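Residue numbers (this note's numbering), protein chains in the order written: chain L, 9 to 213; chain B, 9 to 213.
Rather than coming from a laboratory, the hints here were simulated on the basis of the structure. Treat the hints loosely; a few may be bogus.
Any copy will do: because identical chains look the same in the list, a pair fits if it lies in one copy or spans two.
[Stated by the list, open to error] Using 30 Å as the maximum straight-line C-alpha spacing, the simulated DSS-like pairs for lysine-lysine come out as follows:
| hint | residue 1 | residue 2 |
| --- | --- | --- |
| 1 | 151 | 123 |
| 2 | 50 | 32 |
| 3 | 162 | 174 |
| 4 | 123 | 197 |
| 5 | 100 | 32 |
| 6 | 123 | 157 |
| 7 | 50 | 90 |
| 8 | 174 | 197 |
These numbers come from a predicted model, not from an experiment.
2 protein chains.
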Amino acid sequence: MNSIITISRQYGSGGRFVAEMLAKALDVPFYDNKLITLAAKKSGYAESIFENVEQTSSHSLLYSLSMFGSTAGVYGLPLSDKVFMIQSDIIKSVAAEGPCVIVGRCADYILNENKNVFHVFLSSDLENRVARAVKYYNLSEAKAEDEIKRIDRKRSAYYGYYTGEKWGEASNYDLCLNTDKLGIENCVKIISDFVAMAEANRNID
Amino acid sequence: MNSIITISRQYGSGGRFVAEMLAKALDVPFYDNKLITLAAKKSGYAESIFENVEQTSSHSLLYSLSMFGSTAGVYGLPLSDKVFMIQSDIIKSVAAEGPCVIVGRCADYILNENKNVFHVFLSSDLENRVARAVKYYNLSEAKAEDEIKRIDRKRSAYYGYYTGEKWGEASNYDLCLNTDKLGIENCVKIISDFVAMAEANRNID
Numbered sequence: 009m010n011s012i013i014t015i016s017r018q019y020g021s022g023g024r025f026v027a028e029m030l031a032k033a034l035d036v037p038f039y040d041n042k043l044i045t046l047a048a049k050k051s052g053y054a055e056s057i058f059e060n061v062e063q064t065s066s067h068s069l070l071y072s073l074s075m076f077g078s079t080a081g082v083y084g085l086p087l088s089d090k091v092f093m094i095q096s097d098i099i100k101s102v103a104a105e106g107p108c109v110i111v112g113r114c115a116d117y118i119l120n121e122n123k124n125v126f127h128v129f130l131s132s133d134l135e136n137r138v139a140r141a142v143k144y145y146n147l148s149e150a151k152a153e154d155e156i157k158r159i160d161r162k163r164s165a166y167y168g169y170y171t172g173e174k175w176g177e178a179s180n181y182d183l184c185l186n187t188d189k190l191g192i193e194n195c196v197k198i199i200s201d202f203v204a205m206a207e208a209n210r211n212i213d
Numbered sequence: 009m010n011s012i013i014t015i016s017r018q019y020g021s022g023g024r025f026v027a028e029m030l031a032k033a034l035d036v037p038f039y040d041n042k043l044i045t046l047a048a049k050k051s052g053y054a055e056s057i058f059e060n061v062e063q064t065s066s067h068s069l070l071y072s073l074s075m076f077g078s079t080a081g082v083y084g085l086p087l088s089d090k091v092f093m094i095q096s097d098i099i100k101s102v103a104a105e106g107p108c109v110i111v112g113r114c115a116d117y118i119l120n121e122n123k124n125v126f127h128v129f130l131s132s133d134l135e136n137r138v139a140r141a142v143k144y145y146n147l148s149e150a151k152a153e154d155e156i157k158r159i160d161r162k163r164s165a166y167y168g169y170y171t172g173e174k175w176g177e178a179s180n181y182d183l184c185l186n187t188d189k190l191g192i193e194n195c196v197k198i199i200s201d202f203v204a205m206a207e208a209n210r211n212i213d
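I would like the entire structure built from these sequences, with the hints used as guidance.
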């Protein structure tokens, strides 16, 4: 495996867990909250600043850049946009280091020009996502559905704001799976097989 | 294989070809234009009536049903809606006969209640879709891009009109693939593997 795999996932789909198992199976680094820590250390910001960056304005990043200027680097931008741009740099630099699995943070968009990247999206039926949220995130069943919808709206808005693309649209990814149909371990297997085949196919071209 | 596989695909993605090869590999019937012929024969309409049914009004099927009534069967409905409902019946009846591969025609939505169905969506990058349209559909390169966009807008509108869902949204499908990354034959293999694993996983539950 000599590729980078980005994983986007619906909240409660088991996607983060698939990503972590995949990285282990392929013996490559896994980036998730680690990215935030790296970003915090590199930029000198307190980690807490990075925690709620998925709160965005109703405009787009391009709007912020035009209003606040890109010539001054990230200094003139709103905090959330600064954080995004710092994270983008970090995503690019870990990707430059070699094969890895990266979850969330628009990594698919940020690395879109990179030829060695595969983009994966993981979904799951609402009832199963509710069950996972209850089991793993200690939410009551009553609250789980609202929380799932709220977080996915936030992810979708964050993605739309920074990329101008639609989160969860199949044609933006190389492989999308519903984790319910296969179970977690088989998802890891299908993604590994996909990447192995795609790498072989790339070498033929 | 004891399942039904529905395939939705972007125009020029090679999806119809994947579907046909998949049906051959699995040794099950393949339904595509065949459906139209079957529908025409069953309903007594001339086949030509079925050719442009993806032209829909700006309302939804539910609106038509409320305006024109469902108590009188399909007789009071606009022609395109009648055709859709006749096709739906045919899709349900071929699915009841056993495992098969069905392309397009909202088959995923029509068979959504069926437990033995897997839904696949196939996409491809625009430049490769243009290349395929030039090669296989005899379009000039200049016209191919417009034609691709026009047909996919039509498919999306048709799907939205009859299902109320978004065509091409990853979470509406069990498996989505970009055909460029794997090539046609590997897509057939990944879909077959997915179905075999999902069937085994279903038997465990």
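**Message:** My question is about residue 151 and residue 123: at a cut-off of 30 Å on alpha-carbon distance, are they close within one copy, between copies, both, or neither?
**Reply:** between (41 Å within a copy, 28 Å between copies)
**Prompt:** What label fits residue 123 with residue 157 when the C-alpha limit is 30 Å: within, between, both, or neither?
**Reply:** between (33 Å within a copy, 25 Å between copies)
**Request:** Pop the pair residue 50 and residue 32 into one bin, within, between, both or neither, using alpha-carbon distances up to 30 Å.
**Result:** The answer is within: 26 Å in one copy meets 30 Å, while 55 Å across copies does not.
**Prompt:** From the Cα coordinates, with 30 Å as the cut-off, is the pair residue 100 and residue 32 best called within, between, both, or neither?
**Reply:** This pair counts as within: shortest intra-copy Cα distance 21 Å, inter-copy 43 Å.
**Request:** Please work out whether the CA atoms of residue 174 and residue 197 approach to 30 Å or closer within one copy, between two copies, in both situations, or in neither?
**Result:** both (27 Å within a copy, 28 Å between copies)
**Asked** For the identical chains here, do residue 50 and residue 90 meet the 30 Å Cα criterion within one copy, between copies, both, or neither?
**Response** within (13 Å within a copy, 63 Å between copies)
**Message:** Within, between, both or neither: how does the pair residue 162, residue 174 come out at a Cα-Cα threshold of 30 Å?
**Reply:** both (13 Å within a copy, 19 Å between copies)
**Message:** Within a copy, between copies, both or neither: which one fits residue 123 and residue 197 at a CA-CA cutoff of 30 Å?
**Reply:** Both ways: residue 123 and residue 197 sit 22 Å apart in one copy and 23 Å across, limit 30 Å.
Violated hints are absent here; each numbered hint is respected by the structure.
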